[in-house]
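**Student:** The lines below spell out each chain.
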Amino acid sequence: MIPLSYYLVLGGILFACGVAGFLIKRNIITIFMSIELMLNGVNLSFVAFAAHWHALSGQVFVFFVMVVAAAEAAVGLAIIIAVYRTRETLNVDQVNLLKL
Amino acid sequence: MLHLILFTGFGLVCVAGAVNLLVQRHPINSALSLVVVMGALAAEYLLLGAEFVAAVQVIVYAGAVMVLFVFVIMLLNAGEEERTQGSRVALLLGVPGLVVGSLLIAWVLIHRSGTEAVRVGALPGYPKAIAQLLFHDFLLPFEVTSILVLIAIMGAVVLAAKPSQVQQGKKEG
Chain A
1 MIPLSYYLVL GGILFACGVA GFLIKRNIIT IFMSIELMLN GVNLSFVAFA AHWHALSGQV
61 FVFFVMVVAA AEAAVGLAII IAVYRTRETL NVDQVNLLKL
Chain B
101 MLHLILFTGF GLVCVAGAVN LLVQRHPINS ALSLVVVMGA LAAEYLLLGA EFVAAVQVIV
161 YAGAVMVLFV FVIMLLNAGE EERTQGSRVA LLLGVPGLVV GSLLIAWVLI HRSGTEAVRV
221 GALPGYPKAI AQLLFHDFLL PFEVTSILVL IAIMGAVVLA AKPSQVQQGK KEG
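So the sequence lines, in the order shown, correspond to chains A and B.
The C-terminal position of the first sequence is numbered 100 in the working numbering, with every residue numbered one higher than the one before it.
The C-terminal position of the second sequence is numbered 273 in the working numbering, with every residue numbered one higher than the one before it.
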């Protein structure tokens, strides 16, 4: 018997680590990995709630989240390659053409 | 008791991998620690009785997505990231705020969410039940997902192609 709150706390820790990485990191690929970490933390909450309420649709939702995350990773990494080709850098501080 | 030990062990591996992702400065080290996090999460899903989700987690996340990440890191020859000076106010206010906020959230979750517990293995998470749900109740979202993936493939090819190739394609087409 593991209380539901333990799973939620673990998911929250993973999500917080993802947010912190998103804000701290300067490498665009690492920032992208932090987003994946956040998605994983949310997925854990989904599965824990699905087990708690005996509702399998929570696991189906996790499946959809994974599909969207995979599509997002493919497009996002292609964008990173395009950015690197034009700017010759992976540092987000130097990708600032939109800044005034 | 065994479940609690397994949960704690894999949970600690998870948190250690996530913290290592933040600490490491080379992207390839961060990517490998993210693989560790995802593998440990798959074990957590197994503890919750979600066999299908655990299998998909290993195949899609730890397999496909992370291979994509590692390939891009190698392709772009990404080196160590440069440290930049953060704001001093953010450091002074942010770190105590983060600690207080996370402690508050953990306290509320543990004390206010009651004593109900997740029964391990109580949920029929085997693939047959998921498939019945996926292809009956969620058939339309599932089909829409295929369109999404198709668009993502085309977008990735167009974005990652060399500009000269895209120009040539326009002239020919």
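None of these hints come from the bench; they were simulated from the model.
Do not rely on the hints blindly, as some may be mistaken.
[Said to hold, decoys possible] Computed footprint of chain A on chain B; a stretch qualifies when at least three of its residues, placed anywhere within it, have a C-beta under 8 angstroms from a C-beta of chain A:
1) 110-124
2) 193-207
[What the hints assert, rightly or not] Facing chain B, a subset of chain A residues (Cβ under 7 angstroms, in silico):
3) S5
4) G21
5) F22
6) A73
7) L77
[What the hints assert, rightly or not] Reference listing, derived: stretches of chain B covered by chain A, where coverage requires no fewer than 3 residues with Cβ under 8 angstroms from a Cβ of chain A:
8) 132-146
9) 168-177
10) 244-250
Treat the numbers as computed from the prediction; the structure is a model and nothing was measured.
Heads up, the beta-carbon is just placed ideally off N, CA and C, and yes, glycines get one too.
**Student:** Each of the hints needs a verdict: does it hold here or not?
**Tutor:** Here's how the hints hold up against the structure:
Using a Cβ-Cβ cut-off of 8 angstroms, 7 residues of the stretch 110-124 of chain B lie near chain A, which meets the minimum of three, so the contact claim holds. Counting residues of the stretch 193-207 of chain B whose C-beta lies closer than 8 angstroms to any C-beta of chain A gives 4; at least three are required, and the coverage claim holds. The interface hint given for S5(A) holds, since its Cβ lies 4 angstroms from the closest Cβ of chain B, which is under the 7 angstroms cut-off. The criterion of a C-beta within 7 angstroms of any C-beta in chain B is met by G21(A), whose closest approach is roughly 5 angstroms, and the hint holds.
Against a cut-off of 7 angstroms between C-beta atoms, the interface hint on F22(A) is violated, since the closest Cβ of chain B lies about 10 angstroms away. For A73(A), the interface hint holds, the least distance from its beta-carbon to any beta-carbon of chain B being 5 angstroms, beneath 7 angstroms. For L77(A), the suggested interface contact is upheld, since its CB lies about 5 angstroms from the closest CB of chain B, less than 7 angstroms. Coverage of a stretch by a chain is defined here by at least three residues with a beta carbon nearer than 8 angstroms to that chain's beta carbons; for the stretch 132-146 of chain B and chain A the count is 6, and the condition holds.
Against chain A, the stretch 168-177 of chain B contributes 6 residues with a C-beta closer than 8 angstroms to a partner C-beta. That satisfies the three-residue criterion, and the hint holds. Chain A is given as covering the stretch 244-250 of chain B, and this holds because 3 residues of the stretch bring a CB closer than 8 angstroms to a CB of that chain, at least three being needed.
Checked against the numbered hints listed earlier, the structure breaks hint 5 alone; every other hint is satisfied.
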